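Colleague: Here's the letter readout for the chains.
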Amino acid sequence: MTMIPRLLHVALVVVLVIFGGFPVYWMASTALSTNAELYNTGQSAGLQLQNLPSLLSELSKVPLLRWLTNTSIVALGTTVLSLTLGALAGYALSRFRFRGKGIIGFLLFMTQVVPEALILVPLYAMFISLGLLNSLWGLVLANVGFSLPVAAFIIKGAIDAVPYEIEEAAAVDNCPRFGVLTMVILPIIAPSLAAAAIIAFFAGWNEYLFAATFLMDNTMWPASVGLASFIGQYETPLSAVMGAALIFSLPAVVFFLIIQRKIVAGITSGAVKG
Amino acid sequence: MTDISTGAARSLPQRARKSRFSAKAVLPYIFILPPVMYLAVFMFWPLARQIYLSFTKTRLINPSRSQFIGLDNYDRLLASPDFYSALHITVVYSVMAVVLGVALGTIAALALNRPFPGRTIVRAVLLFGWAVPNVAASLVWLWIFNERSGVLNRIVTGLGLDSVPWLTTTHMALPSVLLVTVWQVAPFVMLVMLAALQSVPEEVREAARIDNADKLNIFRAVTLPHVMPTLQLVSLLVAVWSIRRFDIIYLLTGGGPIGSTSTLIVKLRQTAFENHDLGLASAYGVIGLILALSVATIHALFNRHRAKRSMQ
Chain A
1 MTMIPRLLHV
11 ALVVVLVIFG
21 GFPVYWMAST
31 ALSTNAELYN
41 TGQSAGLQLQ
51 NLPSLLSELS
61 KVPLLRWLTN
71 TSIVALGTTV
81 LSLTLGALAG
91 YALSRFRFRG
101 KGIIGFLLFM
111 TQVVPEALIL
121 VPLYAMFISL
131 GLLNSLWGLV
141 LANVGFSLPV
151 AAFIIKGAID
161 AVPYEIEEAA
171 AVDNCPRFGV
181 LTMVILPIIA
191 PSLAAAAIIA
201 FFAGWNEYLF
211 AATFLMDNTM
221 WPASVGLASF
231 IGQYETPLSA
241 VMGAALIFSL
251 PAVVFFLIIQ
261 RKIVAGITSG
271 AVKG
Chain B
1 MTDISTGAAR
11 SLPQRARKSR
21 FSAKAVLPYI
31 FILPPVMYLA
41 VFMFWPLARQ
51 IYLSFTKTRL
61 INPSRSQFIG
71 LDNYDRLLAS
81 PDFYSALHIT
91 VVYSVMAVVL
101 GVALGTIAAL
111 ALNRPFPGRT
121 IVRAVLLFGW
131 AVPNVAASLV
141 WLWIFNERSG
151 VLNRIVTGLG
161 LDSVPWLTTT
171 HMALPSVLLV
181 TVWQVAPFVM
191 LVMLAALQSV
201 PEEVREAARI
211 DNADKLNIFR
221 AVTLPHVMPT
231 LQLVSLLVAV
241 WSIRRFDIIY
251 LLTGGGPIGS
261 TSTLIVKLRQ
271 TAFENHDLGL
281 ASAYGVIGLI
291 LALSVATIHA
301 LFNRHRAKRS
311 MQ
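In order, the protein sequence lines correspond to chains A and B.
If you read the first sequence in full-length UniProt numbering, its first letter stands for residue 1, the second for the next number, and so on.
If you read the second sequence in full-length UniProt numbering, its first letter stands for residue 1, the second for the next number, and so on.
Extracted from the complex, chain A is given alone in its bound form:
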């Protein structure tokens, strides 16, 4: 390889790294700056780790723990329900032939085209009458509509790859079909289940529109709504806001990096993360 293309390649990679990584770096840098620096003297480009103690004391003014608890409840509920229903759908779509299968597959795909905002108002009306409006469970029910099909696609793809003989052996042993799924198939596809779980979990973790619309009571707020409430509000120091945003982002970044390859595999059978 000649010199100039190699230099170009290095330059390109550097530019991409700056564009891709800078906002996250800047979150950390802002979190570790003082208000005076941010608004008057100018933000330092480095990470001032000596400001960590003052950041922690500022963070204690933000109800971050309560928000993250609410977020975790929504995310866990979304995961459990999506995976349970998604495993049933994925197994049926992979192993059975039945009337209506094509339509059901199409409808599952369709959910990924539907904008969240489009079912917002009818869900709002439904939740009023079901008493689910100001509740985290209402959020779970709304989120699962979008993450169940994704889980179903991933699980179907994984089961497709499991040889059928394994199931026949279990059937000879007189294991009922449901037992075959839970005791034979699901353990084999555990890595794909984990990927589906992470995707569903962070769909619930990141969700904003439903949470911002359905929750009135700010003690119920998940972190997405809580953090968004800082926009246009200047009472909370910006460093605390960025610190909270960073803590909120960290689990998502770590887990998405872990499962990135699985997501690529799942993408061919359906849309995964928007």
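Bear in mind the hints are in silico, worked out from the structure with no lab data behind them.
Computed from a predicted structure; not experimentally measured.
Glycine included, C-beta positions come from ideal geometry on N, C-alpha and C.
All clues given are correct.
What the simulated footprint calls covered on chain B by chain A, stretch by stretch (three residues with Cβ under 8 Å from a Cβ of chain A suffice, anywhere in the stretch; the number is not a length):
#1 45-58
#2 135-141
#3 236-249
#4 270-284
With chain A held as given, fit chain B onto it using these hints.
Modeller: Showing chain B alone in chain A's frame:
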């Protein structure tokens, strides 16, 4: 499948006919019914309600008192400049997101498709935009774009230029929102394209090299056709996501200034929850859905066309 039981049933014709309506035929539905029922209640019923609402006059204050008015909401939509503006912004935003996001993502994938020291770390950093939650991304970009103290304007004024109102003037707001969108979308494109590039069979490229084909020709004749289906799929996904996108746009600009970033979906929420006009809001949403569906349909037709061609 369950060979033993069907073998036994075959010898008893009467029981066989019965069993067609019992266990075996019912089994798939026992599995598929719970998820389907769930989606019917929490996805498709609300969707049908919303489409129905677009033919009614309904206020958010009292949604149970709604009145069927046929196509009046769509008449109002087609007569309102707001609608054409929202449609125009949605199309521009989505097309630009696809063009810029897919171009940058593909370039990044090509750059990462050859080994170099630190590639794993670079790859991880390039995925940040895709992994950071929307709300956190909006907060940091709002600060980066901050007119007085943001880092972008510090650079701009440092160069001796006037500071730029990134999100607060009509001609800059959409490009700024697009910049954040590309930051989020390009990593995903890169991830998928990288996988496609790595699945190009090395023997074919080797054969082309032996035939003395130059790099550009190998790319055009071998690599590009191989990754084309993936490129199309990923473009479809980015297009559909852009038509659907709400969080980032709403949190960065709220649809403003003066509606300059109000896509159909942002308009839908505003009309419903600020103007309390559920009928008109639903009409906005239905147009958005039709747009997303047509993109998906065009993609499906493309695929069928290609499948037919490869069979001949």
